[in-house]
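Novice: Start from the sequences and build out the full structure, keeping to the hints where you can.
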Amino acid sequence: MRKGLVTISLLSLLGFAACGGNKDPFDIPAGGAGGGGGPVANLTATVKGKIAFEGTAPTPKKLSTSSDPNCKNPNLVSEEVVVSDGGLENVIVYVSGGDLAGKSFPAATELKTLDQQGCHYIPHALTLQVGQPLKILNSDETAHNVHAWAMVNMPFNESQSSKGVETIKKFDKEEVMFPVRCDVHNWMNAFVGVFNHPLHTVSGKGGAFEMKLPAGTYEVTAIHETLGKQTGTVTVADNGSADLNFTFKPK
Amino acid sequence: MSRNVRVAGSLHEEGENVGLHRFALFTACSTAFLIFVGGLVTSNRAGLSVPDWPTSYGWNMFTFPYSKWVGGIFYEHGHRLVASFVGFLTVILASWTWLKDTRRWIRVLSLVALISVITQGILGGLTVKYLLPTPISMTHALLAQTFFCMTIAMAYFTSPSWKRGLPNIQDTHVGISLPKLSLLTTGAVYLQLLLGAWMRHTESGLAIPDFPLAFGRLIPEFTNYHVTIHFAHRMGAILVAGMIAWTFVRMYVWHQHDNLLFRPALILVILVFAQLALGAFTIWTEKSPVITSVHVATGALILGTSFLLTLRAYSMVAREAKWQ
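Quick note, the sequences are listed as chains S and E, same order. Under the numbering used here, the first residue of the first sequence carries the number 32, and numbering increases by one thereafter. Under the numbering used here, the first residue of the second sequence carries the number 214, and numbering increases by one thereafter.
Keep in mind the hints are simulated off the structure, nothing from the lab. Glycine is no exception: its CB is placed at the ideal position from the N, C-alpha and C atoms. A few of these clues could be false.
Unchecked claim - With beta-carbon atoms standing in for the labels, derived distance ranges: (1) S:Pro-100 x E:Val-503: 13 to 23 Å; (2) S:Thr-87 x E:Glu-499: 16 to 26 Å; (3) E:Leu-426 x S:Thr-90: 51 to 61 Å; (4) S:Lys-93 x E:Leu-404: 54 to 64 Å; (5) S:Pro-105 x E:Met-448: 37 to 47 Å; (6) E:Arg-317 x S:Glu-197: 54 to 64 Å.
To be verified - Below, in silico cross-link-like pairs of lysine-lysine (BS3-like), each with a Cα-Cα straight-line distance of 27 Å or less: (7) E:Lys-281 x S:Lys-166; (8) S:Lys-194 x E:Lys-281; (9) E:Lys-500 x S:Lys-282; (10) S:Lys-204 x S:Lys-143; (11) S:Lys-194 x S:Lys-166.
As the list claims (entries may be wrong) - Counterexamples of contact, computed for chain S against chain E with all Cβ distances above 12 Å: (12) Val-71; (13) Thr-87; (14) Pro-91; (15) Pro-100; (16) Ala-138; (17) Leu-165; (18) Lys-243; (19) Pro-245; (20) Val-265.
Specialist: Below, the structure written as structure tokens:
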């Protein structure tokens, strides 16, 4: 009992300072975006697989958009857990360790887009390389605010008051992963993973994913917004292909 | 059997200003409504739905078109307008007090209320600018409750009954004095509101998802600080309910015929029962915004009632001592 009280007191004090510092513990020894001293690695190998979902897929929860008549999306459902053909979608898959030392990667310049369409983010999960531009676009006839709940990178909250407004964002630190939310429409959220290297992807239909990487042995992690994360190891040769599968269970 | 001694006659020479009293009362009621609206903002997770401040999506706050009040904007922008209204009322209240009330200390109180409401507005802006930092959000929540007590004090001290002189009572009960007991109860309620604000602003409201048990047990495992804060709030509820029960029993036994004391004590009991039920329903409905906001507002009403009871207890018992 006494120990419990002491715990309550200490944790209560700590709570004030607990609004930050949720940094993912892993630290990738890669060269980082744009190179880190070693030769630029060629992404000649392929790792592909499936994120299986074990058990009964949850029925998608219908979302009410009635608080904003401009949303015009009566069939919107929650994307918290999306299962198709027995596979889990929107899982961020990335290299979290292995033969990365001495390798460097070119800076990513390809523009990625996070669209707000029908009061809904498309895509629901996306990955970026540090410094890679992200276009955030409002395609709706209503106002959105784009609120990135980043912990490692600089968080931001910007308004996009009308259709066609867009903003370009870049993130300068690795962070796995943070939500982007709209506080006007509190059902809207997306998840973003930012990496020092280009070895990352997101599972799509049927939980399928495919990732290009240099030959070597790697630790690969799959992380989902509500179902946690799993790690596996894969070895792949130049111009070769290897399979790696994960299985997630409902909470 | 009455143990009370009533003293007739005025102890104050100030003239009655019913208009000022009614205006202070209206400000207090508007503040209670503002706290409810503030609860709606947090409960609907709309605190950052208007990313700019003091403008709203680039518009002047007072000319922002109603057609744009959609989703969370309705709550956040509505909160800003109701807050501006209460700020405006406070400016009038302070000005009126300085013009018409000659008591220096009540003038100072009105000025402190005005400074508080301005500070509260700035804190509200800072929560927007700095993306809801927990310490600022909590301070904003607690200053709201403190300001509510100030408006109650203003209404109380400008009331004709207070100016005419309240009846004096004999606090013959052995043990803690009635004013101290009321003060302790008010302190416990304030502490509980602090825990509630902490819980709300750290997203710990559903950290323990079941009620009345906690993860199927009487005492949960304190696996993270969310659980700890949530459980502390539950324990706080027991403490507050106990303090209010003690206060009520004291009033029922010794001061049943002193309506100025007994009525607020009775109201406290009713409110605390409602509040416990609302707390339970907040969990069972997974934080339904309306229920959660009514829970927040009822918390403010409990504090306000307990504070009023404390003021009355101090006025009535203290004067008895002076009179003797």
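Novice: Against this structure, judge whether each hint is valid.
Specialist: Checked hints:
| no. | hint | verdict |
| --- | --- | --- |
| 1 | S:Pro-100 x E:Val-503: 13 to 23 Å | 20 Å, holds |
| 2 | S:Thr-87 x E:Glu-499: 16 to 26 Å | 22 Å, holds |
| 3 | E:Leu-426 x S:Thr-90: 51 to 61 Å | 28 Å, violated |
| 4 | S:Lys-93 x E:Leu-404: 54 to 64 Å | 41 Å, violated |
| 5 | S:Pro-105 x E:Met-448: 37 to 47 Å | 44 Å, holds |
| 6 | E:Arg-317 x S:Glu-197: 54 to 64 Å | 59 Å, holds |
| 7 | E:Lys-281 x S:Lys-166 | 24 Å, holds |
| 8 | S:Lys-194 x E:Lys-281 | 13 Å, holds |
| 9 | E:Lys-500 x S:Lys-282 | 20 Å, holds |
| 10 | S:Lys-204 x S:Lys-143 | 17 Å, holds |
| 11 | S:Lys-194 x S:Lys-166 | 14 Å, holds |
| 12 | Val-71 | 38 Å, holds |
| 13 | Thr-87 | 21 Å, holds |
| 14 | Pro-91 | 18 Å, holds |
| 15 | Pro-100 | 7 Å, violated |
| 16 | Ala-138 | 29 Å, holds |
| 17 | Leu-165 | 18 Å, holds |
| 18 | Lys-243 | 36 Å, holds |
| 19 | Pro-245 | 39 Å, holds |
| 20 | Val-265 | 33 Å, holds |
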